[in-house]
Structures are given as C-alpha cells and as structure tokens.
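As you go down the protein sequences, you meet chains A and B in turn.
When you line the first sequence up against the numbering used here, it's residues 1 to 200, in that order.
When you line the second sequence up against the numbering used here, it's residues 1001 to 1567, in that order.
Please note that a few of the clues may not be correct.
Which residues of chain A face chain B? A partial, calculated answer using Cβ under 8 angstroms [stated by the list, open to error]:
| no. | residue |
| --- | --- |
| 1 | L57 |
| 2 | L81 |
| 3 | S84 |
Since the hints were derived computationally from the structure, they do not count as laboratory data.
A quick note: this is a predicted structure, and the numbers were derived from the prediction, not measured.
Here a beta-carbon is modelled for each residue, glycine too, at the ideal position from N, C-alpha and C.
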Amino acid sequence: MAELWLEKLQSAQKTCLIQDGRRKIHFTFAEGTEMAEEYDTKTGDLLVRKWRKKGTLGGAGRWEIEVGEQSAPINLEMEGLMESNINPIFVRKDTQTHFQWRIRNLPYPIDNYKIVAKPEERQIIISTLNKKYYKKFNVPDLERCQLGIDQSAIEFAHANNTLIISYKKPSAVIEVEKRFQQELKKMKASKDGDVDCTPS
Amino acid sequence: MDHSIALLLRSRLAPVIGLISGIALLLRSKLDVAPVTGLIHGRLVIPEGYGSFHCSADKTKKTNTRKYSRTKNYAEDKRPRSIGISLDTIQHSNCVQTTIQHTGSMAAPTVEKVQEIREVTRIERIGAHSHIRGLGLDDALEARQVSQGMVGQIKARKAAGVILEIIKDGKIAGRGILIAGQPGTGKTAIAMGMAQALGTDTPFTSIAGSEIFSLEMSKTEALTQAFRKSIGVRIKEETEIIEGEIVEVQIDRPATGTGAKVGKLTLKTTEMETIYQLGQKMIESLTKEKAQAGDIVTIDKATGKITKLGRSFTRARDYDAMGAQTKFVQCPEGELQKRKEVVHTVTLHEIDVINSRTQGFLALFSGDTGEIKSEVREQINSKVAEWREEGKAEIVPGVLFIDEVHMLDIECFSFLNRALESDMAPILIMATNRGITRIRGTQYTSPHGIPIDLLDRLVIISTSPYEEKEIKQILRIRCEEEDVEMSDDALTVLTRIGMETSLRYAIQLITASSLVCRKRKGSEVDVEDIKRVYSLFLDESRSTQFLKEYQQEFMFNEMVPDEMETS
Chain A
1 MAELWLEKLQ SAQKTCLIQD GRRKIHFTFA EGTEMAEEYD TKTGDLLVRK WRKKGTLGGA
61 GRWEIEVGEQ SAPINLEMEG LMESNINPIF VRKDTQTHFQ WRIRNLPYPI DNYKIVAKPE
121 ERQIIISTLN KKYYKKFNVP DLERCQLGID QSAIEFAHAN NTLIISYKKP SAVIEVEKRF
181 QQELKKMKAS KDGDVDCTPS
Chain B
1001 MDHSIALLLR SRLAPVIGLI SGIALLLRSK LDVAPVTGLI HGRLVIPEGY GSFHCSADKT
1061 KKTNTRKYSR TKNYAEDKRP RSIGISLDTI QHSNCVQTTI QHTGSMAAPT VEKVQEIREV
1121 TRIERIGAHS HIRGLGLDDA LEARQVSQGM VGQIKARKAA GVILEIIKDG KIAGRGILIA
1181 GQPGTGKTAI AMGMAQALGT DTPFTSIAGS EIFSLEMSKT EALTQAFRKS IGVRIKEETE
1241 IIEGEIVEVQ IDRPATGTGA KVGKLTLKTT EMETIYQLGQ KMIESLTKEK AQAGDIVTID
1301 KATGKITKLG RSFTRARDYD AMGAQTKFVQ CPEGELQKRK EVVHTVTLHE IDVINSRTQG
1361 FLALFSGDTG EIKSEVREQI NSKVAEWREE GKAEIVPGVL FIDEVHMLDI ECFSFLNRAL
1421 ESDMAPILIM ATNRGITRIR GTQYTSPHGI PIDLLDRLVI ISTSPYEEKE IKQILRIRCE
1481 EEDVEMSDDA LTVLTRIGME TSLRYAIQLI TASSLVCRKR KGSEVDVEDI KRVYSLFLDE
1541 SRSTQFLKEY QQEFMFNEMV PDEMETS
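Model the full structure from these sequences, guided by the hints.
Listed below in structure tokens is the structure:
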C-alpha cells in the first residue's frame, strides 16, 4: 500500500535546495498540487511539510501546513480575522520514532484532557473537561500508507503549558520514510543562492 | 377591536453615540412604561392586515410634559411595510412610552400576524431611489398603479417586466434595451426596480456612461470588465467557515480618535473557546450585523462574510422583551472551524482577477485590478464551458445597466455592437434623456446620441412625463421615506410646484420644509413651510429668469454684447 505513495513521490517533479542548514524539497504533482518539505541536514528530521492545492476557481491557494510551524506572519488586514496568539497553538513536530503533536498555551492539568482515537473516521480527538479546547485531526502519513489509527499507540504528557501527544510510528511508515530518505540522498541539491536545480 | 402594541424602546446610552441599541415589540393589553434615555430612532414593520397606526410618545421631564404623536394611514396598501419612528424631539427624556395603536377598519390582527413584526434599523442613508423595492407588477406582468415604490409609467414597467422574464429565463444572450425619456420620468427608477426584482443572486452591474473614461484603463477594457461583472457562475466550492456562539465582542478605538480600531472576538462551541483578533473590515461587518454576545454566527473565512443564525438558547432568559423574529438556535458542537461545501455565485470578472496575477484574489480587496489580458479571459471562458459540460457550474446571466448612455463615444458604441454578439454577453440596459443629438466623438447627429446601427439592435422602452396625480403619489411615498409628516394642503401645493418646475425639485423641498417645520416646533409640514422653502430655494426656471434680468451684474459679462456683434 505504501508503494503507491512512494511512486507518487517519485513521479513528482522535484526541486531541492540546501539553505540555512535545511534541505528544502519542492514537489509538484501531476494534478498541480504542490508539496514542500524541509529536513534538518544534520539529523535528517522532518521540520516542515506543507501543501498547496489549486483553488476551484483557479489561482494558487494558500499553503496548508501539515508538519511544522507557520513562519510568515499573517497580515491581519488581509485576513480579516485571525486566531489570537494567546489561544492554544497546535503544531506537529515528528521525531524519528513518533508522530508528535504539541499544543502550546494549554495551562490546564493533565487530567483535564481526553484523547480518543476514532478508527472509523481515521481521526484523533482531543477534548477537554473544562470545554476550553477541542480538536479533531487526522494523521495523513497513516492515511497515505492506508493504515488505521490505534488507540494503544497514543501517549500524552503535559508540561510547561504544553500538551504533547505522541503516536508511535508503525513499522510500515518507518520503512517508507527510510526508503524515501535514501532516494533523497541521491538527489543533487543546489546550495543556497544557486537557481539551477535538477529535477529528477 | 382595538389592539395596542406597546413598543418598549430600551436604549443604552453608548459612550460615543447615543443611539438606540435594541427595539423590542410586545403584544400587551395594558400599557407599559419603560425608562429610556437617549435618542430614539428606529423603524417598525407593520404586519399585514393593519390599517392605520397611531404612534405616540410622552415626555415627562420633572414638570413639563410634552406629547408627541402621529397617525399614519396605510389602508391603501395592505402589505407589511415599515414606518420610521424618529422621536428625536424627546431626546434625554426621563420617561418615554410609545404605543402603536391599531385604529383601522381592517380585520383584527391575530397573534400570528403580530409574529411578522420585526425590527428593522436603518443603516443606509436615504438615497434618491431608496423607496423602490421592485417593479410593482403582479403575476400576470400587469403593472399596479402604485406598488413597491413605483408610480405610473404603466407601459414602461410592463415592458420592463417582459424583459425581466427574458433575464430570468437566462437563455437569451446579448439583448439590448434602451430606456428613453425626458429627465425625471423614472428611467433610473425602472432600472433599480428591475435590479430589486431580480434579487441578489443575479448579477446586476450599474455604471454611468461617463464612468468608463479613465486614464488607468482603456474604454473598451472598462466596458469588458463591466460586461464580465454582469455574468455570474454558480459553482460549488469548499470553504472554511467558523461557526460558534459569540461570548464577547470587544472593539477598542484608539485614544486619539483617529487610526485603526482594534477588535477581539471570543467564540465558543459546546466543546471549545477561541479568541480571534479582528481586522478593520471584520470590525465593520460585525458592527453592521449588530452581532453581540449570545448570537450564533458563521463567518466565511475566505470572504469574511458574517451570517447571523440566531440567538443561543442559553440566552433565552436574558431579556424580558424580544423581537418576535428572534430565532433561538442550539450552540454548535465540536470544532469552531469547519470545512463546508457551499454553492455560490461568482462573476466572470472575479474569476478573471483570481487567475490574472500571482497575488490572486487579494487584488479584489484592494480594488486595483488593472487591465486583464485577453489570453486569461479566453482561458477562463474555455474553463467555464468545461465546467458547464461536466455539470459542475451553471451560468447566471445578469444585467449591465449603463445610465446616461449618450456619454459613450463612437468607439464604445462600435465595441458594444460587437460585444453584444458574444454568447457570454449579459442583457444590456441603457438609459438616456437625450433627443436627437450629436454622437460623442463625431460630427453626426443621431436619435438619443446613439448610432443607428446600434439603435437597430435595441428595443426601446419610452417613459412619459408624470401626471399630477402620479406626482402627488410619488411625493407622498418620498415623504414617508424621508420620515416627513405633511398635511394634505401642503402636499397639494408641493404637487403644484412639482408640476410647474420639476419632480426632483419638489422632492428636494420635502426634507428642507420638514426642517423649517421643526424649527417652528410644528408637528407636520404645512403650506406655510412649503411657501417658505419655495422662496428660499430657487428652481431652475426661476434661476434662469433671475439670470436673464441681472446678467449684466455678474462677472465677465461686460464683453458679451461686443462678442455678439462680431459674430
């Protein structure tokens, strides 16, 4: 099942660039969807993965962040409204062995949270007993490998106003990531400032 | 059977503007007294079946008591309608009680009828055509003498009704209609009526002929954009919406009084709560929607459009008085942000702009769209055709209205000839008040200032001058629109003025005379007030007369006789 995803990645047009200690890869898929990934050059950790789909009416959409944080500041006048930064902030940041989500600005103690996996909806739901925070999210990596969500793989901890939810990566996912990393190593990356890139 | 509805006007004196914050209606048999301070201004919708209304307010300020009262007769028009209550005479009173009494001979209102009463507070200002609510036609396309703010012009309105059917059908592309008639015969009113009758989902673009002359854009580009703004595409799109109950709205004005306002909005669902920071546009639309704590709203993230769904059930006991229209809704569940598929209508021009440049739709907000390449347009056209074939989208042909069309020049006219032939063309409605005159940009004269070849492609609706009875009716409608009480004699005098000068001049006198009337502390405009403003303000013919007599004394007139001789 994971083969499909790997094939899709391989068939995509890729551009690679090393900048600020990050290996940045840009994928353009056949249907016009774009994906951008950033890896730490030293550890090989995934720092950012974001997607951009074409809008229904044409025109480029906006980047939707899957992993990592929004780096560009949001212009309030353009957006009309935005979430205040005192709200809980939901960020995904993976480790080698776990998918990990961090929710900052959540001061409530650990027994306030309930984290439930909904395998039929392929979603994980975070809810709070004091009704202050609620979030439904899915794990796209598992979906790509067509794996279900398993409650037993979820662990969570709370410290420093941050709720950390970890999900142990299934071996199939680790395998795909490893093969993909090897693929990437073969790619020639241009250094910062170079424009010339080698599409595969 | 006399029913009296006590109108409880509750007003909180806001720190900046003392305006009413809430109007509630209750059906009561006994009169209620509610303490009110501040300025009261609001509008009521009168339910069907009521005849005339009496509205009064008592002012008690320590010793003196002043009574404000007015009676209106609405027997002729049986539909629900709105009347304005602007009791600014009772500003800063300690105690105000307003009652609206049903005194007509209509059938006694039932409780269901009263349900139709709802509060309407005016935000828009009163414009020249704000009394027009439609074309005033019945189902058989026959024009009613007086309806929906339209009076007379039976033939023209009937014709407009037929055109309306063509537009609603949506099959015919690129028809041209010319509304021709003397000044002040209701050409623009008919066009506005058509726009109202079509509803908000049909694109209706209204431009003036002189609008297309700009240094930034070529004339044909401006016309093409206007054409494409008038064609809608109904398409299904996935958008992100925020749906929740308002916990708190906080809008801070900067202490200096100028500069951007800062706003904070707290929304919640049954499961969560989030604070949002608001931009300028969002603050404006929140104030316009009058969103307050306890309302359930949805906000479209892409467009910033706010829709009020109703009030939260948990707030049901907060107020003792509540408009009957208030709907109670359950607080939404789950996450605040949701993805939803919505069907909406976008114009071809909007799609053009989204695709024409990299920053995309942001250009729509700044308004700086510039010229759009024809390649982009061709691409969009083929894309839309593709969507139509796949059944994804549907074309909603609209209307382009060009007022003062004689201001277009010969280039524009020949462009129009060509543009009307395209199958993506909207219905083109033009209006002119010119007779046989020079075509702009040429030495030739032509009827209505429009070349014969274009005239040949048009059907012409003509309007005729109003009769005395009609003028009287229009003036009466305008009086109501401008919240002016006028005695019958005064109205007759004003009608006479309207006949002898112009309808527009007579309409101008309405508000002026009401101000004069208020100065003398009268309750309704009298003949004397009309006479006074008539002497204060000259109309066009009196001014011309005056100039003929005293021309010599004006500037630069010393040379005139000389010039006359040489020529």
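Quick rundown of the hints versus the structure:
1. L57: 5 angstroms, holds
2. L81: 5 angstroms, holds
3. S84: 4 angstroms, holds
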